[in-house]
Each structure stands twice: as C-alpha cells, then as structure tokens.
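A.B. asks: Sequence:
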Amino acid sequence: MTKSVVIPKNLSQKGKDVLLDAGLNVIELTDLSSPAIISAAADVDGMILMTDPFDNFDIEKMPNLKIIARHDVGYDNVDSKFWGKQGVYVTITPNANASTVAETTMAVILDLSKDITKVSNEMRKGNFDYKNDHRGFNLEGQTLGIMGYGRIGRQVAQLAVAFSMNVIIYDPFVKNTEIGRLVTRDDIFKKSDVLTLHMAVTDENRQGIGKREFEMMKSSAMLVNQDDMLLALKGKRIAGAALDVLNEEPLPLTSAFYNLDNVLLTPHIASNTKNAMENMAVDSANEVVRTLNGEKPLWAVNTI
344 MTKSVVIPKN LSQKGKDVLL DAGLNVIELT DLSSPAIISA AADVDGMILM TDPFDNFDIE
404 KMPNLKIIAR HDVGYDNVDS KFWGKQGVYV TITPNANAST VAETTMAVIL DLSKDITKVS
464 NEMRKGNFDY KNDHRGFNLE GQTLGIMGYG RIGRQVAQLA VAFSMNVIIY DPFVKNTEIG
524 RLVTRDDIFK KSDVLTLHMA VTDENRQGIG KREFEMMKSS AMLVNQDDML LALKGKRIAG
584 AALDVLNEEP LPLTSAFYNL DNVLLTPHIA SNTKNAMENM AVDSANEVVR TLNGEKPLWA
644 VNTI
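If you're matching positions, the sequence shown starts at 344 in our numbering and goes up one per residue.
If you're looking for bench data, these hints aren't it; they were derived computationally from the structure. Beta carbons: idealized from backbone N, C-alpha and C, even for Gly. Treat the hints loosely; a few may be bogus.
[Claimed, not checked] Lysine to any residue pairs mimicking SDA-like chemistry, simulated, CA-CA at most 20 Å apart:
| id | residue 1 | residue 2 |
| --- | --- | --- |
| 1 | Lys579 | Ser562 |
| 2 | Lys468 | Asn605 |
| 3 | Lys409 | Lys639 |
[Unchecked claim] Simulated DEER-style distance windows between Cβ atoms:
| id | residue 1 | residue 2 | range |
| --- | --- | --- | --- |
| 4 | Ile370 | Glu558 | 49 to 55 Å |
| 5 | Asp476 | Ser507 | 39 to 45 Å |
| 6 | Asn481 | Lys579 | 17 to 23 Å |
| 7 | Gly479 | Leu574 | 20 to 26 Å |
| 8 | Asp386 | Asp529 | 50 to 56 Å |
| 9 | Leu603 | Asn481 | 19 to 25 Å |
| 10 | Ser507 | Leu594 | 47 to 53 Å |
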C-alpha cells in the first residue's frame with residue numbers, strides 16, 4: 344500500500360520531487376494545523392511542517408503517523424517529547440540554513456551599525472538633511488557577543504572576524520572554540536557591543552533575558568534576535584535591537600515595537616533564501632523517506 348505524506352503547499356519543488364521519486368503519495372495542504380490535517384488526511388504516514396503550531400493529540404486520531412519532519416533547525420512548535428512517547432519521530436534540518444541565517448545576522452548588524460533603514464526612510468520623507476544628524480559606528484574593534492555556539496553561531500563568528508570584530512561566546516555546552524573566547528553568561532551581557540542570540544528555544548530559556556540582563560548591558564549595545572526588552576529600548580537602556588524571531592507571530596499591529604525607531608523588525612525570515620528553502624525541503628523530505636523505509640532518521644530530536 345502506498346504511503347502518504349502531508350506537506351505545505353509552498354514546499355520547494357525539489358523537496359516534493361524527493362518524496363515523489365520515493366513512490367510516496369503527496370498531499371499538499373495550505374492549513375497545517377492539527378485539526379486540518381486530521382480532517383484531510385487522518386491516515387497519513389508522515390508530514391513536513393514549517394512554522395505551523397502542531398497540537399498534541401492521541402495517536403489514535405492519526406494511527407499511521409511515523410514522522411513529523413520540521414522544515415527548519417528549530418522545533419518549538421512541536422512537542423518532541425510528547426510525540427516520542429507516541430512513537431513518532433520529530434526531525435530537523437540542521438545543515439540546511441546555517442550560512443543563510445549567519446549572513447542575515449551580519450546584514451542586520453550592519454544595518455543597525457549604519458542606521459541604513461532609518462536613513463532610507465528619512466530620505467523617502469524628503470529629509471535629505473538627515474545626513475547631518477546621522478552617525479553610525481564601525482564594526483571594526485567592536486565586541487560581538489554570541490549566545491549559542493552551534494552551526495549558526497560558528498558561522499556568525501567567522502563573518503565577524505572578517506569585519507575585524509572581537510568575538511566572545513557563551514554556550515554552557517561548549518568547552519573550547521577556534522574563534523573568539525568563552526566567557527560567563529553575565530560577562531557576555533556586560534562586555535558585548537553587539538549581542539546576537541542563536542540558542543535553541545526551550546521552555547527553560549524562552550524568557551531567559553530580562554530586566555537584570557538588560558541592566559548589565561552597555562547603553563550603546565545592540566541586541567540581535569520582548570516586555571523587558573521593550574522597556575530597555577524605550578528607556579534607551581540599550582541602543583537598539585533587531586528582532587526576527589518574536590514571542591508572538593505575527594506581531595500584532597498594536598505592538599509598541601512598531602513605534603520605536605531603534606528597532607529593526609523582520610517577520611521570521613532569516614532563513615528565507617531560495618537556496619536555504621530548497622535545502623530544508625530536500626533534507627526534511629529525505630528524513631521522511633528514511634523513516635518510512637524503516638530506517639532511523641539522521642536528525643531526530645527525540646527518541647521513540
């Protein structure tokens with residue numbers, strides 16, 4: 344009997360081809376919420392998820408399910424422990440988008456350091472004289488703090504060195520580094536001119552940066568990658584921030600962040616390049632094929 348896989352309708356064609364070439368029946372859905380999938384494809388064997396929240400439910404509602412393949416490196420929209428207990432693998436694509444996210448990180452750091460977005464907006468208003476008030480800062484000689492030294496963090500460090508930045512790193516799971524130096528958690532807040540966050544989101548660290556940490560930071564510091572942060576930005580406790588991953592997505596139009604001119608906002612697009620989207624689609628599709636062929640997936644984040 345042919346096995347079936349649910350995928351997002353906008354999945355890259357290269358990922359779809361991997362599934363079709365493996366002889367799988369592909370079901371494309373726009374709505375990938377749990378109720379929608381149960382309604383449309385209760386007998387599905389696997390699925391590829393992007394950022395859609397996926398609720399917990401009894402496996403009897405989808406008895407053939409063997410794998411939930413995340414189309415990304417993060418998996419905070421899926422309860423991996425719960426699904427592991429139900430006999431379902433949750434997988435990620437750790438090699439697919441690291442360079443893309445690292446490049447985007449440096450892009451927003453450059454934007455913040457030179458105030459490019461604000462300058463462009465002022466010029467569109469006809470304020471050509473804004474150049475007389477504009478003062479950015481050089482990255483050369485500045486200290487970049489990197490929290491989380493996995494694939495993305497390492498590539499950010501390499502790019503930062505190319506800009507002659509000093510690199511400091513906090514990661515409790517890393518014992519040595521080829522680039523930069525390891526510091527304590529408190530020191531990374533105290534010493535960074537620019538701080539970028541690349542830790543996997545967990546229940547333990549979801550609210551890990553608050554008033555205490557912001558008060559340790561330099562008043563000139565920039566934070567890359569939200570109540571305590573809002574207060575810190577309003578009060579000029581830190582100089583600016585770039586936010587791509589938000590506590591609430593989409594960010595409500597009533598959010599006070601929109602009113603701050605020292606915040607650069609993007610809608611969770613750090614990995615959205617054609618190359619990265621194709622890589623994530625292919626890698627997640629291959630994980631589905633492996634699992635449905637009875638093999639163990641390469642990048643499972645849970646055990647069954």
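A.B. asks: A separate judgement is required for each hint: does it hold in the structure or not?
C.D. replies: How the hints compare with the structure:
{"no.": "1", "hint": "Lys579 / Ser562", "in the structure": "holds (7 Å)"}
{"no.": "2", "hint": "Lys468 / Asn605", "in the structure": "holds (18 Å)"}
{"no.": "3", "hint": "Lys409 / Lys639", "in the structure": "holds (11 Å)"}
{"no.": "4", "hint": "Ile370 / Glu558: 49 to 55 Å", "in the structure": "holds (51 Å)"}
{"no.": "5", "hint": "Asp476 / Ser507: 39 to 45 Å", "in the structure": "violated (27 Å)"}
{"no.": "6", "hint": "Asn481 / Lys579: 17 to 23 Å", "in the structure": "holds (21 Å)"}
{"no.": "7", "hint": "Gly479 / Leu574: 20 to 26 Å", "in the structure": "holds (25 Å)"}
{"no.": "8", "hint": "Asp386 / Asp529: 50 to 56 Å", "in the structure": "holds (53 Å)"}
{"no.": "9", "hint": "Leu603 / Asn481: 19 to 25 Å", "in the structure": "holds (24 Å)"}
{"no.": "10", "hint": "Ser507 / Leu594: 47 to 53 Å", "in the structure": "violated (34 Å)"}
Checked against the numbered hints given earlier, the structure breaks hints 5 and 10 and satisfies all the rest.
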